[in-house]
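> Use the sequences and the hints to build the structure in full.
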Amino acid sequence: EAGVTQFPSHSVIEKGQTVTLRCDPISGHDNLYWYRRVMGKEIKFLLHFVKESKQDESGMPNNRFLAERTGGTYSTLKVQPAELEDSGVYFCASSQAGTSALHFGNGTRLTVT
Amino acid sequence: AQSVTQPDIHITVSEGASLELRCNYSYGATPYLFWYVQSPGQGLQLLLKYFSGDTLVQGIKGFEAEFKRSQSSFNLRKPSVHWSDAAEYFCAVGAPPGAGNNRKLIWGLGTSLAVNP
Numbered sequence: 001e002a003g004v005t006q007f008p009s010h011s012v013i014e015k016g017q018t019v020t021l022r023c024d025p026i027s028g029h030d031n032l033y034w035y036r037r038v039m040g041k042e043i044k045f046l047l048h049f050v051k052e053s054k055q056d057e058s059g060m061p062n063n064r065f066l067a068e069r070t071g072g073t074y075s076t077l078k079v080q081p082a083e084l085e086d087s088g089v090y091f092c093a094s095s096q097a098g099t100s101a102l103h104f105g106n107g108t109r110l111t112v113t
Numbered sequence: 001a002q003s004v005t006q007p008d009i010h011i012t013v014s015e016g017a018s019l020e021l022r023c024n025y026s027y028g029a030t031p032y033l034f035w036y037v038q039s040p041g042q043g044l045q046l047l048l049k050y051f052s053g054d055t056l057v058q059g060i061k062g063f064e065a066e067f068k069r070s071q072s073s074f075n076l077r078k079p080s081v082h083w084s085d086a087a088e089y090f091c092a093v094g095a096p097p098g099a100g101n102n103r104k105l106i107w108g109l110g111t112s113l114a115v116n117p
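Going down the list, the sequences are from chains A and B.
Sequential numbering of the first sequence, starting at 1, is according to my numbering.
Sequential numbering of the second sequence, starting at 1, is according to my numbering.
Hints were generated in silico from the structure; no laboratory data involved.
Just so you know, even glycine gets a beta-carbon here, dropped at the ideal spot from N, CA and C.
Treat the hints with caution; some may be incorrect.
To be verified - Distance condition first, Cα-Cα at most 25 Å in a straight line; then the derived DMTMM-like pairs of lysine to aspartate or glutamate:
hint, chain 1, residue 1, chain 2, residue 2
1, A, 54, A, 42
2, A, 41, B, 85
3, B, 104, B, 8
4, A, 44, B, 8
5, B, 104, A, 57
What the hints assert, rightly or not - Not everything, but these chain A residues come out facing chain B in the computed CB check (under 7 Å):
hint, residue
6, 42
7, 43
8, 45
9, 101
10, 102
11, 104
12, 105
13, 106
Given below as C-alpha cells:
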C-alpha cells in the first residue's frame with residue numbers, strides 16, 4: 001500500500017507570506033494527525049482529525065494555522081501569515097480506527113525567512 | 001506533567017558494538033510506549049511499541065526495548081549495531097488502546113546515533 005504522502009517536501013517563504021502544506025494519508029485511514037518539530041525541540045502534536053472532523057486541535061499554536069480535511073481524505077495545513085517561529089518540520093501521520101500505531105509521512109520542512 | 005526524557009542527545013558507537021538508548025517518561029495513566037526512528041530524508045518509522053504483557057518487546061531491524069515500571073523507563077537496545085542504523089531515534093508515550101482514537105503522542109527530544117566503521 002502507498003504510505004503517507006506529504007507535499008511539498010521543502011518550502012522556503014518570507015515572513016508574512018502564506019503556505020499550504022498537504023498530506024495524503026493511507027487510503028482507508030480515518031485518523032489523520034499533524035505534528036511539528038521546531039529545530040532543537042521535541043516533536044509536538046498539532047491536531048487530530050477523525051474523518052473530516054477535528055477531534056483534538058489543542059496543539060495548534062494560534063489562529064494563523066488552519067487545518068482542513070474536506071471529505072475525510074487528504075488534509076491541508078495553511079499558515080497565514082507565516083512568522084519566523086513557524087519554521088520547522090511538519091509531519092503528518094495516519095492510522096486506522098482503533099489501531100495502535102501511526103504511519104508517518106516524510107515531513108515538510110518549512111523555512112520562514 | 002506528562003513528559004518524555006531522552007538524556008542522550010547524541011551517541012556514537014562503532015559498528016558491531018552494542019547499543020542502548022535511554023528513555024524515561026512521566027505519564028499520569030498506564031502508558032503506551034513507542035520507539036520511532038527517522039533515517040536521513042525519511043519519515044518516522046515505528047520500531048516497536050509496548051502496552052502490556054512481556055516487558056521485553058522485540059521490534060524491527062533487530063531492536064528490542066525493555067519496560068521497567070519501577071524506573072519509568074523504556075530503553076531501546078540492539079546487540080550489534082550496523083552502519084545503516086545511523087539515524088535519529090525518538091521515544092514517545094501516548095494513551096493506551098481503548099482510550100479512543102487519540103494518538104496524541106508526547107515525544108522525547110530524540111537521540112542522534114552515529115556509527116563509526
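> Does each hint fit the structure? Answer for all of them.
Hint by hint, here is what the structure shows:
no., hint, verdict
1, 54/A <-> 42/A, "holds (23 Å)"
2, 41/A <-> 85/B, "holds (22 Å)"
3, 104/B <-> 8/B, "holds (24 Å)"
4, 44/A <-> 8/B, "holds (19 Å)"
5, 104/B <-> 57/A, "holds (10 Å)"
6, 42, "holds (5 Å)"
7, 43, "holds (4 Å)"
8, 45, "holds (5 Å)"
9, 101, "holds (5 Å)"
10, 102, "holds (5 Å)"
11, 104, "holds (4 Å)"
12, 105, "holds (5 Å)"
13, 106, "holds (4 Å)"
Consistency note: the structure conflicts with none of the earlier hints.
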